[in-house]
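Participant: If you want the building blocks of each chain, they are given just below.
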Amino acid sequence: MISIDETDARPPFEQIREQLTDQIRSGELPAGHRLPSVRQLAGDLHIAAGTVARAYTELEQDGLLTSTRAGTRVREVEELPTQARTAARVYVAAVAGLSLDDAIRAVRVEWMDAR
Amino acid sequence: MSSVVGVGPILLFALAIVAVVVVVLVFVVRPLRELAMTEGAQRSARAAELRVRARNGVAILAATTIAVIGVGTSAGSSVTGAGRVLGITPMVAIGAAILVFVIAPTPEFLEQRALRTAELRRRVPRDFVSRRTLAMPAVAAGVLAVALVGFWLAADPTGQSISHTSDVVLPDGGTTSSTSSPYPGFYYGVPLLLALIGVSAVTAAAIARIAAAPRPTDPSLRAADDATRTLAIRAVTAAATSAMVFTLGGVLYIAAAATANVGARYEFRINAVPIESGSDAALVAISTAEFVGAGLAILAGITLIAFAIGHAMRRPFAVTPAPSERVA
Numbered sequence: 001m002i003s004i005d006e007t008d009a010r011p012p013f014e015q016i017r018e019q020l021t022d023q024i025r026s027g028e029l030p031a032g033h034r035l036p037s038v039r040q041l042a043g044d045l046h047i048a049a050g051t052v053a054r055a056y057t058e059l060e061q062d063g064l065l066t067s068t069r070a071g072t073r074v075r076e077v078e079e080l081p082t083q084a085r086t087a088a089r090v091y092v093a094a095v096a097g098l099s100l101d102d103a104i105r106a107v108r109v110e111w112m113d114a115r
Numbered sequence: 001m002s003s004v005v006g007v008g009p010i011l012l013f014a015l016a017i018v019a020v021v022v023v024v025l026v027f028v029v030r031p032l033r034e035l036a037m038t039e040g041a042q043r044s045a046r047a048a049e050l051r052v053r054a055r056n057g058v059a060i061l062a063a064t065t066i067a068v069i070g071v072g073t074s075a076g077s078s079v080t081g082a083g084r085v086l087g088i089t090p091m092v093a094i095g096a097a098i099l100v101f102v103i104a105p106t107p108e109f110l111e112q113r114a115l116r117t118a119e120l121r122r123r124v125p126r127d128f129v130s131r132r133t134l135a136m137p138a139v140a141a142g143v144l145a146v147a148l149v150g151f152w153l154a155a156d157p158t159g160q161s162i163s164h165t166s167d168v169v170l171p172d173g174g175t176t177s178s179t180s181s182p183y184p185g186f187y188y189g190v191p192l193l194l195a196l197i198g199v200s201a202v203t204a205a206a207i208a209r210i211a212a213a214p215r216p217t218d219p220s221l222r223a224a225d226d227a228t229r230t231l232a233i234r235a236v237t238a239a240a241t242s243a244m245v246f247t248l249g250g251v252l253y254i255a256a257a258a259t260a261n262v263g264a265r266y267e268f269r270i271n272a273v274p275i276e277s278g279s280d281a282a283l284v285a286i287s288t289a290e291f292v293g294a295g296l297a298i299l300a301g302i303t304l305i306a307f308a309i310g311h312a313m314r315r316p317f318a319v320t321p322a323p324s325e326r327v328a
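Residue numbers (this note's numbering), protein chains in the order written: chain A, 1 to 115; chain B, 1 to 328.
The hints are simulated quantities; they were obtained by calculation from the structure and are not laboratory data. None of these values were measured; they are calculated from a predicted model. Be careful, since some hints might not be right.
As the list claims (entries may be wrong) - Heads up, incomplete: computed chain A residues facing chain B, CB under 10 Å, no partners named:
(1) M1
(2) L20
(3) Q23
(4) S26
(5) L29
(6) R39
(7) T68
(8) G71
Each residue gets a CB set at the ideal place from its N, CA and C atoms; glycine is no exception.
Make a model of the complete structure from these sequences and hints.
Facilitator: The following block contains the structure:
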């Protein structure tokens with residue numbers, strides 16, 4: 001599933017791009033999976049077809065999607081390491097009171113300090 | 001045979017009325033699904049149901065209007081090409097009804113939500129109906145196309161008749177040839193093939209559009225939306241198949257009558273000398289098989305049109321209050 005939150009400050013194409021990236025990199029959307037057409041996804045989310053097309057195009061440029069006349073499919077990509085996902089799950093449980101932005105910020109700060 | 005042929009249409013018409021009434025009554029009484037919804041979702045679902053009814057009403061009206069015009073135009077036998085007009089009428093009428101589904105595939109379920117969700121997979125007709133439902137019109141189209149091409153090859157060069165040469169039984173032997181028309185050669189077959197291509201294309205477009213049209217986000221509205229799409233695809237496939245099967249029945253009936261004519265024994269006189277042609281057992285057998293096939297096809301067509309009307313008139317869902325909103 002994918003969602004568009006009208007209260008989110010990020011533009012819709014960015015929300016789509018981010019969610020698709022997460023789902024592809026986590027393996028939730030396997031390689032070869034056929035995504036909905038631009039028209040279908042735009043209709044379901046009540047957004048302009050150009051918005052979905054832009055998100056798909058950017059993901060193609062990032063090497064995550066491939067488009068042919070038969071449709072848009074997920075490409076073979078390196079999944080996030082299991083070890084990283086396990087650590088992230090522990091971290092998320094530990095910072096249950098934080099917002100997503102703050103949780104990511106905390107990781108970023110630690111990341112910068114460690115490097 | 002002639003008495004059977006004379007009573008046949010009356011029996012079929014009576015059967016048609018009974019079948020349509022029974023199927024429609026059974027379908028109309030029972031909604032496809034019962035769904036629990038919040039009050040807001042109920043309002044949206046009821047509004048969508050009204051739009052479904054309006055669309056289906058327009059489709060039935062379009063088919064009826066074109067059928068009446070087609071039959072009316074071809075009623076006068078002096079009209080040039082009356083048989084061809086009558087022949088394509090079922091497919092053109094049903095094609096017009098299906099075109100309404102292409103233009104308005106599904107109603108929109110209105111929602112006021114800040115968060116909208118969508119599935120990340122391509123929706124296909126198979127998500128809403130069985131493979132058998134989708135195969136029905138394809139198989140019917142194939143059978144009708146094969147029959148039309150077969151009759152085209154069997155007809156004489158005019159494309160309207162069938163000719164047959166038979167041995168003369170009396171008095172001195174020799175051969176005689178006879179011709180019978182109308183016969184569904186290319187003269188009738190080409191317009192029918194064009195109508196078949198048209199109705200097949202419109203059917204495929206309608207089914208694809210019904211499956212791919214936008215969906216609501218609310219889970220209960222999604223269930224209502226599923227029911228709406230299921231009935232719409234069933235109505236379209238049943239209607240398209242009925243048009244093709246009806247046409248097949250008509251074509252087989254015309255071919256059977258012409259084949260029986262040229263295959264039968266007959267007598268005539270030349271200069272007061274009686275001459276008798278032999279009957280052709282193979283042609284008699286073929287015409288009998290064609291008559292049986294025509295009867296079966298027309299019965300199937302009647303059943304399918306009853307199902308199509310039933311699916312179009314059936315309530316896709318009945319709504320009940322969501323558990324959280326039920327008054328104890």
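Participant: So which of the earlier hints does this model not fit?
Facilitator: 4, 7
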